[in-house]
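First to last, the protein sequences are chains A and B. The opening position of the first sequence corresponds to residue 1 in the working numbering, with each subsequent residue numbered one higher. The opening position of the second sequence corresponds to residue 1 in the working numbering, with each subsequent residue numbered one higher.
A hint or two may mislead.
Since the list gives no way to pick one copy over another, a pair counts as held whenever it fits inside one copy or between any two copies.
Cross-link-like lysine to aspartate or glutamate pairs, in silico, EDC-like; alpha carbons within 16 Å at most [said to hold, decoys possible]:
(1) 423 <-> 251
(2) 3 <-> 49
(3) 423 <-> 110
(4) 16 <-> 336
(5) 239 <-> 358
(6) 211 <-> 128
(7) 7 <-> 45
(8) 423 <-> 287
(9) 211 <-> 291
(10) 16 <-> 199
These are computed hints drawn from the structure, not numbers from a lab.
Protein chains: 2
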Amino acid sequence: MDKAQIKESILGMGAKARAAAYALAVLDTDQKNAILHAMAAGLREHRRDILDANALDIAAAEAHGLTAAMLDRLRLDAPRLETMAAGVEQVAGLPDPVGEVLADWTRPNDIHFEQIRVPIGVIGIIYESRPNVTSDAAVLCLKSGNATILRGGSEAIHSNQAIAAALQSAGETAGLPENAIQLIPFTDRESVRVMAGMDQWLDVIIPRGGKGLIETVVSLARMPVIKHYDGICHTYVDKEADLAMAVAIVDDAKTHKPGVCNALETLLVHRDVAAEFLPRIAAVFLEKGVEMRGDPRTLAILGDAATAATDEDWDTEYLDLILSIRVVDTMAEAVDHINTHSSRHSDCIVTADMARAESFMRRVDSACLFHNVSTRFSDGGEFGFGAEIGISTDKLHARGPMALRELTSYQYRIRGDGQTRTKCATT
Amino acid sequence: MDKAQIKESILGMGAKARAAAYALAVLDTDQKNAILHAMAAGLREHRRDILDANALDIAAAEAHGLTAAMLDRLRLDAPRLETMAAGVEQVAGLPDPVGEVLADWTRPNDIHFEQIRVPIGVIGIIYESRPNVTSDAAVLCLKSGNATILRGGSEAIHSNQAIAAALQSAGETAGLPENAIQLIPFTDRESVRVMAGMDQWLDVIIPRGGKGLIETVVSLARMPVIKHYDGICHTYVDKEADLAMAVAIVDDAKTHKPGVCNALETLLVHRDVAAEFLPRIAAVFLEKGVEMRGDPRTLAILGDAATAATDEDWDTEYLDLILSIRVVDTMAEAVDHINTHSSRHSDCIVTADMARAESFMRRVDSACLFHNVSTRFSDGGEFGFGAEIGISTDKLHARGPMALRELTSYQYRIRGDGQTRTKCATT
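Next comes chain A alone, as it looks inside the complex (with noise of 0.2 Å):
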């Protein structure tokens, strides 16, 4: 197809998931839940058909030279679409956050004010390799009450359409309405670019991916994107700190996951417990190969243990067994380098008093900011969502995990009983 075969294309698509956001919107709850379990039933029914278009990806890739690591990332077996189903029946178990009152009021003219949560419309996702994003983006956005438009890479494309038509066909016996979820079938650069452009059907587009998805589609969304750049994420250790719990916070948010977004890139240690603390969390991470990279005062204190820092490495998100280490003065100082290098995504303080705490928590720009409790908590999932479509680097709309809730919207809803302005004003 050429250029202009695809932006039609797409934007029928996006017409048509126009028109099944609106017959979204009225679903009740037990209905979308009688969906989601038909549907993780069709993806257990599709079970051969999901892993035969996925061995065609696996085939291809294989073909294509990619790594051992991204093989695994793409593989599609039996337990994992288990998985899969299950993660489906989960959300259905979830509470529905359309219909919630967030606020009502009357006003002095008698006019009845209510806000209410509404789903957002038609939500658009672009991702890269991982073909479970196709079922969870699904299944979040259907639970709140939107349609979605999935461009997925080139890489799962099978494995995506097959999972994608599982849970379509499976949904629509139980009442989905058609062209509730649709997956873009082009994987070219021009599918994200019309994407972007049309803004009169997507209401939100959420790129999940490298950092150079991301860059291209909020350079060329004309709606808003809700987006997930970097985690480099701070601990600071206070000079009023437990020392103990110190190193068990800082050892935990650094090699208990190193390879993702809420583990720990940059420690700064107030100066006066530097001495003391440095060598007890340097003793812990030669024993597990963490590499450490420190400012001169962190080098004069652990000697061959730690290399330099360069500048780079305070804006640097290893997701790896290394770590930059910086000794501060005063906490004004920790305060600073955050607000100056951490990506607004969680950042920690370790300190016994509270007033510090609070001073740190008032001060630092950050989605989540965590006093005495590894940064590895920030997670949907542990913050009790019970699902989790990513987390929003952005300050607006949603910040931080992003769940259920943050995929809708408001609506206010206005009763009287024929007031005018004309009349009734009360400004």
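Put chain B on the given structure of chain A with help from the hints.
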């Protein structure tokens, strides 16, 4: 200045605004209110400077042949300046949204979560001729704890500079951080381009003005945009409507103030009441000089009192004494028409049947839905918000009338006693 210098200058303002935002975020309510009172006094003290500056703008506007209406929007005098100062004091009297606890809960592992309202950070506002926006916008941003970068139009540049300077300097005497309110001295298109690109400094950009300006900002912006496109508002007169009430509401919505965004543009009438209702409302409109443009069934009832509507009419915001009228067979047809043509701003149903009103409200995808109330009440003041920065036709972050709360974000503050994911995970 050349483009590179303009860019460097505006980026420098961005960095200073970020520093100001950190200082503003920790001011308490009393401090902010003291600053606001000092600002109001500052506007009064600098009355001469502001009016002299305004005289320069007026002289230039007259030389450029601006219309009388545009000159009136631009003109300041002593009473208008007093209204501006009183407006600043009024904002001091509004509740401070910052610090509100939106939710809090404790997880089984004793980690305590708090979701707390915080300022957004740095807000960019791009606006056209009316100089009072300089004061209104800066003051609402300040009360909600945000730094602002203002970029007004060339027509009002001297007035805007005088007002911003008076607010900043008077505010500083009461503790306003420096650079909290900055006005960009450039009024060319390049300054909009630079602002729209600096997502490292601006957390959100709010364009206020004509559709061309908003289109430009939307296509260039890398950060979230909160905007207000059209106000194409509908009123649907149902077959169960109290027709006397419907006449009063439709008349009010169309004629009370036709040049504003919440005025009525399209009237939809159920066929069962069209023959009775249309002549009654037409009699009112003929007397008030409202031009009526109808579909064929409307014309069959109204005869020469109306002219034929074209397809374009259904998508037109007249902002004038003109109304498009269509007869529909069913409420569903009215809902479809509205969802297709409305700007999702404000739409109304007039009916005595509560179930039909609820059905309408669940199906129409607009920010504000009115039942038996004129759409003219779609207004921050009439909502009881005490102020208004604008009305959003977007669906993310803020929808409908926006005031102080809509200029905030939130932050999670999470407290524990040493929990690590290694030992205390709940998922």
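Quick rundown of the hints versus the structure:
no.: 1; hint: 423 <-> 251; verdict: between (67 Å within a copy, 12 Å between copies)
no.: 2; hint: 3 <-> 49; verdict: neither (30 Å within a copy, 57 Å between copies)
no.: 3; hint: 423 <-> 110; verdict: within (13 Å within a copy, 55 Å between copies)
no.: 4; hint: 16 <-> 336; verdict: between (49 Å within a copy, 14 Å between copies)
no.: 5; hint: 239 <-> 358; verdict: within (15 Å within a copy, 59 Å between copies)
no.: 6; hint: 211 <-> 128; verdict: within (11 Å within a copy, 36 Å between copies)
no.: 7; hint: 7 <-> 45; verdict: neither (34 Å within a copy, 59 Å between copies)
no.: 8; hint: 423 <-> 287; verdict: neither (78 Å within a copy, 19 Å between copies)
no.: 9; hint: 211 <-> 291; verdict: neither (24 Å within a copy, 54 Å between copies)
no.: 10; hint: 16 <-> 199; verdict: within (14 Å within a copy, 33 Å between copies)
Violated hints, listed in ascending order, are 2, 7, 8 and 9; each of the other numbered hints is respected by the structure.
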